[in-house]
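Colleague: Residues per chain are reported as follows:
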Amino acid sequence: MSALDTAREHYLERFGAFEAGLASEPPWLGALRARAIAAFAERGLPSTRMEEWHYTNVAALAALHCEAPPRGAPVSREQLESLAFPLFACSLYAFVDGRFEPALSAPLTFPGGSRVDSLAALRAGAAERVEPYLGRLVDVKSHPFAALNTAFLDDGAVVHAPRGSHAEQPVHVVFLSTSQPVPRVVHPRLLIVAEVGSRVTVIQDHVTLGEGPGFTNAVSEVWAGADSEVNLILVQRESDAHFHTSNLQVIAQRAARLHASTLTLGGALVRNDAEVLLSEEGAECTLNGLFVGGGDQVLDNHTLIDHAVPHCTSRELYKGVLGGRARGVFRGRVIVRPDAQKTNASQSNPNLLLSSSAEMNTKPQLEIYADDVKCSHGTSIGQIDLEALFYLRSRGLDEARARDLLTRGFALEVLESLPVPALGAGLDDVLVERLRALRPQESQR
Amino acid sequence: MTRTVKRAPMLELKNVHARAGDAVILKGIDLTVRAGEVHAVMGPNGSGKSTLANVLAGRPSVEVTEGQVLFDGTDLTTLAPEQRALEGIFLAFQYPVEIPGVSNTYFLKAALNARRVHRGDQELDAMEFLELVREKMKLVEMEEKFMSRSVNEGFSGGEKKRNEILQMAILEPRLSILDETDSGLDIDALRIVASGVNALRGPERSMLVITHYQRLLDYIVPDFVHVLAEGRIVRSGGKELAQELEKKGYGWLEVEPKTLGAVAR
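Sequence order for the protein chains is A and B. Terminal number for the first sequence in my numbering: 445, no gaps in between. Terminal number for the second sequence in my numbering: 265, no gaps in between.
So here's chain B without its partners, still in its complex pose (with noise of 0.2 Å):
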């Protein structure tokens, strides 16, 4: 079977509003992500990156008001945050959670089972989990004494973040979205998410790489680039606004729109 050059949307943003608790955070964001894209989102604290992250994952205390999430022309705010993962959706976290008494092993083989499930494929049994989980974790290069520990419980913000890429990487989701994995973590650590990340690059696979900084857009090369603030994706471009946006700051952006207000006046 042959495909068409230009495919469908995977990821399709229409006009969308959305608010956390009373307050309105997003306010009409437009955007196209298709198969094998990687989209940075980029823009200062405040502008809503984390929150379009949310919408996309389905946290619940963040609601969609108006507008449209499309996900291979399916509604997304139709569909609980489990069956989003099922559907081939992944958030890495900002601040990924510590749950004790749950093994990242238990979690991790309960996870992609039930995503096996969800696609009509074999469980995997002990054995068969473990040399997969070996092989992805030489990916992250994080030791096997992780697995047998309580979910993130204890490790460092290091640690946390590759464990998101871990599962990531075992989770093969189509849609990856990576809520500021940069954040806190030294070059090294850097380096190793991000490679983590690029092996898992791929013509079925998108990603939503959010981040603050045009450090992380270095090792994760994108397609596109977005700039959010106050709500609204303000501007688009190649990888090389992420270069003007390092070299200028967030500030330019804001300022824009009222520097004309005033040439106006």
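Chain A with its partners taken away, still in its complex shape (with noise of 0.2 Å):
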């Protein structure tokens, strides 16, 4: 049997003690669970004969045999709020191995009443508020990380924006991973539903306590409806013998505005798969990422943008640093459907190697089907500038130094781009603490 037969074995085992254990719940929440199980049971993990998962080895992940946490790790909030320094700001929703700890959390009430819950309290006592939603936006069959976590589907934050409601101050929702002696997943599930014209930003953030392996497989579904305005900012930033899978469904609908940024600054492995369905002229979206990687750390995204109809525009910038032997992916498909006329689409990969043994797989696939649209795709892998970095220890800056300010000077652009000014200042200094432990050995000083 191979890795990924046993943890296929493995995972079925565990979820018929999971759904033994179960309070009842609404039939239609049961159903959901067992059409996830029963596409995991079919496909199980995927191997790397699969077109979408062929840069991306996924043994290592399998070998883990991952067991659900215990209840109630103790965290303080010190820990918590070092944890989610610098990047907590205001409100704080704090889920600990998945499930929401309310004693860390720091609520916000929000104007025009944004609210967020847990998913664990909705689904116990008011199912119906995220039945018309949830779910419904990811496919389980082509996605077995997502089969997975919607099969083992508990807790997570469902984030609801009324009609009109602007909620200026983000909603940070942090998720920790415990390290223990046996290593853990979870499947923590964001829910956002961004009525007409509402305003969203949120900030879905994942930290690790404690550097031993463990696995972290998200779902967030995002619903940005007519004249609506959603910012997603995910953070990785997990210990590095840390997995994760993520998995981003959104549809924007008439004239919506997404921002979408994905920054992982950890992670032993992460797969991120990102999706915008644009559903409704006009729609916009921006789907951003980098990426920054050492070691033996593999980061792969892909990314999917569907034009399904005229007058949509998206962009996206995904920007990757690699060290070490670390490899990356990007994938990214745009897709421009016969009737998406007027589509204005741009993609751009960038990519920058800082050592010889580092690699980076890239690979834009625009797959064009209207004749009147305006689409442009561009990628690269390049070095540290070499005249730029004499220009820099020619002015008196150590030779490590000026590639830690070049590389970040590379990445900066996506951070800059954020919604959240703050935000992207708060994560400068992830990423510059980032960059100096990606220094090679012998230039440290």
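No lab work stands behind these hints: they were computed from the structure. None of these values were measured; they are calculated from a predicted model. There are no misleading hints in this set.
Label pairs and their calculated CB-CB ranges:
| no. | chain 1 | residue 1 | chain 2 | residue 2 | range |
| --- | --- | --- | --- | --- | --- |
| 1 | B | H212 | A | E51 | 51 to 61 Å |
| 2 | A | H166 | B | K138 | 39 to 49 Å |
| 3 | A | E81 | B | E144 | 29 to 39 Å |
| 4 | A | P102 | B | E144 | 47 to 57 Å |
| 5 | A | Q169 | B | E144 | 30 to 40 Å |
| 6 | A | P162 | B | R134 | 48 to 58 Å |
| 7 | A | T109 | B | G158 | 53 to 63 Å |
| 8 | A | S346 | B | S236 | 54 to 64 Å |
| 9 | B | N45 | A | R49 | 51 to 61 Å |
| 10 | A | R49 | B | E123 | 54 to 64 Å |
| 11 | B | E63 | A | A370 | 52 to 62 Å |
The C-beta atom is built at its ideal place from N, Cα and C for all residues, glycine as well.
Since each chain comes alone in its own frame, lean on the hints to assemble the complex.
Modeller: In structure tokens:
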């Protein structure tokens, strides 16, 4: 039996126990789980024979045989805040090992009635509020990890922005994983429902406490209603032993504006799928990403922007910085459907390699079936500009510092594009620290 | 403490040969620069002027293959570019580099504080630095908005050169090398750049002004002029040599040895 097959058996077996322990829940939720576990049972974990997983081997993740975390790992408010810093701004919704922790959270009352709820609480009491949205955007048949998440669906954050509401303060959701002797898996879920004309910003922040291996398998679904503005910033800054898969599904309706950024600043193996459906005219999306890795990290971003109707705009910028023996993958699909005239789509994936053993695989994939469109894409894989390096050194900055500055300068474009400037500044500190850790040993001071 | 009139050389080049890649560019340069002196190095394109500047600043692609480069008596060739900068050497680039994502302020402050720490001085805090920058920006007639922009990114040719002189004014190098700072400048920009340079002249500071044209030397009046041709200094003299070159061009210098040969034959 391969590691993948063993892992499938492992998770199917654990699902049986999990399901037996579930309190009664509405039939639609049970059906959602049933569909998901059936899809997972059929396909199992993805192998590199699948085109979508060609460059990313999950055998090491499969071999972990993660267990569900025990309830109530002790985490103090100080520990949480130090991990959440410097992003920690105003509101804080803390999830420890997948479960909402009200005692560690600092909720905020949003004007206009935006609310943030724990999915577990809604499941128990007001499941009808999530029924029209939950699990409806993600196709569990084509996303094995999302299938697993949906089958084990337990807790998460539900952000609801009512019609016309403007939440000026970002909603900061922290998913903290504690590392324990036996590797643990959590399946966090985020659901954002932005009604007509609303505006909401959510920071989805993944951190770890401890350096041991673990696995976070997240799914986020975003409903951007007509004329809404939704900003989502996904921050992954887990330990180098932590595995992370994330699946983001967005539907943008008439004239909705979505700005989603994925910032990968940690993790052993990180695989992000981000898919945006521009379903009605006038919808706009900006899909950005920054991934910074070293050591033996594998950082994989698969994106899909689907221009289903005319007059939609998409902009995509993914930047990669890879040192050590790190490997990066970018696959950016943009589909322009036959009816989607006047589409405006641009995609760019520049990458910076800091070492000769780092590797980047990039594959822009534009599938254009309409004839009156403006589409562009570009990709590059380069190294530090030696002329710029000499320039900085000639002003007295040592080589390591000069390299860090140039690398940071390269990456900054993505942080500066964030819709929350203060967050960009906070993440800049995280980035600088990360880059210091990526320095080759011999040039460290 | 009194100093002797004839000071020890700040910079001494002895029979310096250098190559860039496979090409041998410098073929035996001898040059002595003392504190307070301004030396102009002139010469036609391809004579080795920029290679000379790069030898001094430590550009990694330029290799000294023979001879000695001494700064305060120590061998410069063993020092990394940043170490040379910390010792007080500054190269104003012919083509200043654009650096996206690094603000001018951040860059300059980091450079200045690296130099201050090396000298054993306290680092300047943000306020002190801002005050200094404002003062120096007046010198090169630069607007403050340039400080928040990325280094040289989207700057015009003249703005880039002024930014070089601003850096020089802030870092207060002991030896400044200006590599064709006048290239691509209109007369107003040239005047601004030159007055910035002149404000830095002093008994402790030396300069090597590399230029193709005599025009710059109307504004930055040198103590000595050297003419470089085919990797050697073929003529040295006072400032009047520059004027002679302006009148006659470089042709006569290169032709001369051949003419002599023809006579001998």
